[in-house]
Amino acid sequence: NAGVTQTPKFQVLKTGQSMTLQCAQDMNHEYMSWYRQDPGMGLRLIHYSVGAGITDQGEVPNGYNVSRSTTEDFPLRLLSAAPSQTSVYFCASSLGVYSGNTIYFGEGSWLTVV
Amino acid sequence: AQTVTQSQPEMSVQEAETVTLSCTYDTSENNYYLFWYKQPPSRQMILVIRQEAYKQQNATENRFSVNFQKAAKSFSLKISDSQLGDTAMYFCAFMKHRGGAQKLVFGQGTRLTINP
Numbered sequence: 001n002a003g004v005t006q007t008p009k010f011q012v013l014k015t016g017q018s019m020t021l022q023c024a025q026d027m028n029h030e031y032m033s034w035y036r037q038d039p040g041m042g043l044r045l046i047h048y049s050v051g052a053g054i055t056d057q058g059e060v061p062n063g064y065n066v067s068r069s070t071t072e073d074f075p076l077r078l079l080s081a082a083p084s085q086t087s088v089y090f091c092a093s094s095l096g097v098y099s100g101n102t103i104y105f106g107e108g109s110w111l112t113v114v
Numbered sequence: 001a002q003t004v005t006q007s008q009p010e011m012s013v014q015e016a017e018t019v020t021l022s023c024t025y026d027t028s029e030n031n032y033y034l035f036w037y038k039q040p041p042s043r044q045m046i047l048v049i050r051q052e053a054y055k056q057q058n059a060t061e062n063r064f065s066v067n068f069q070k071a072a073k074s075f076s077l078k079i080s081d082s083q084l085g086d087t088a089m090y091f092c093a094f095m096k097h098r099g100g101a102q103k104l105v106f107g108q109g110t111r112l113t114i115n116p
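Protein sequences, first through last, are from chains A and B. Per the working numbering, residue 1 is the first one in the first sequence, and the count goes up by one each step. Per the working numbering, residue 1 is the first one in the second sequence, and the count goes up by one each step.
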């Protein structure tokens with residue numbers, strides 16, 4: 001059971017470039033989300049999805065797009081990378097929107113924008 | 001909006017000692033969940049313990065226990081018989097109980113070092 005898988009683990013981008021961070025889960029989880037972690041801070045919610053075809057914004061959505069065409073995948077797109085988007089990105093999933101469900105995190109993707 | 005505050009940026013104790021990490025939060029909700037996550041150098045987010053606000057009994061998980069004071073909006077983590085493997089960043093997090101998405105709100109973290 002792979003759990004939540006993120007790719008790539010490390011990426012360096014130039015300012016203005018676009019890229020997609022991939023996230024896949026094999027647990028048939030309805031709920032998926034993306035967080036970013038900046039130095040010295042906790043994680044902050046970027047976007048989330050409560051099921052295929054449904055997405056919504058979190059706390060810090062600007063500069064990012066998401067889509068959820070399948071239950072398994074929830075990619076995060078950086079449209080025009082900026083140095084302020086240098087961060088560690090975490091994908092997470094859980095069985096459903098009931099708050100008691102455990103949230104499982106991926107191992108993180110380190111992104112540097114130069 | 002909910003906020004979570006961890007007032008101890010760093011802590012350091014000797015192996016086998018007991019250590020308590022502090023967390024306070026601000027919310028107008030009555031029902032919610034509180035969590036402690038551990039983040040070792042690998043950056044993996046690992047759930048340590050969770051507390052449901054409507055339960056008065058403090059949660060425990062082996063060497064980890066919490067002191068949940070709902071009126072004071074305080075949620076501290078106690079680690080007993082600390083081990084070298086407990087060295088990590090620890091994050092306190094809040095989640096509303098009802099309605100829609102599971103949105104975790106994290107504190108800034110406490111870096112805990114266990115010394116041999």
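Check before you lean on any hint, since a few could be wrong.
[Unchecked claim] Restricting the straight-line Cα-Cα distance to at most 20 Å, the calculated cross-link-like pairs of lysine to aspartate or glutamate (EDC-like) are:
#1 B:K103 to B:E61
#2 B:K103 to A:D56
#3 B:K73 to A:E72
#4 B:K103 to A:D38
#5 B:K96 to A:D38
No lab work stands behind these hints: they were computed from the structure.
To see whether the hints hold, each was checked on the structure:
no.	hint	result
1	B:K103 to B:E61	24 Å, violated
2	B:K103 to A:D56	11 Å, holds
3	B:K73 to A:E72	37 Å, violated
4	B:K103 to A:D38	18 Å, holds
5	B:K96 to A:D38	23 Å, violated
Hint compliance for this structure: hints 1, 3 and 5 are not met, and every other hint is.
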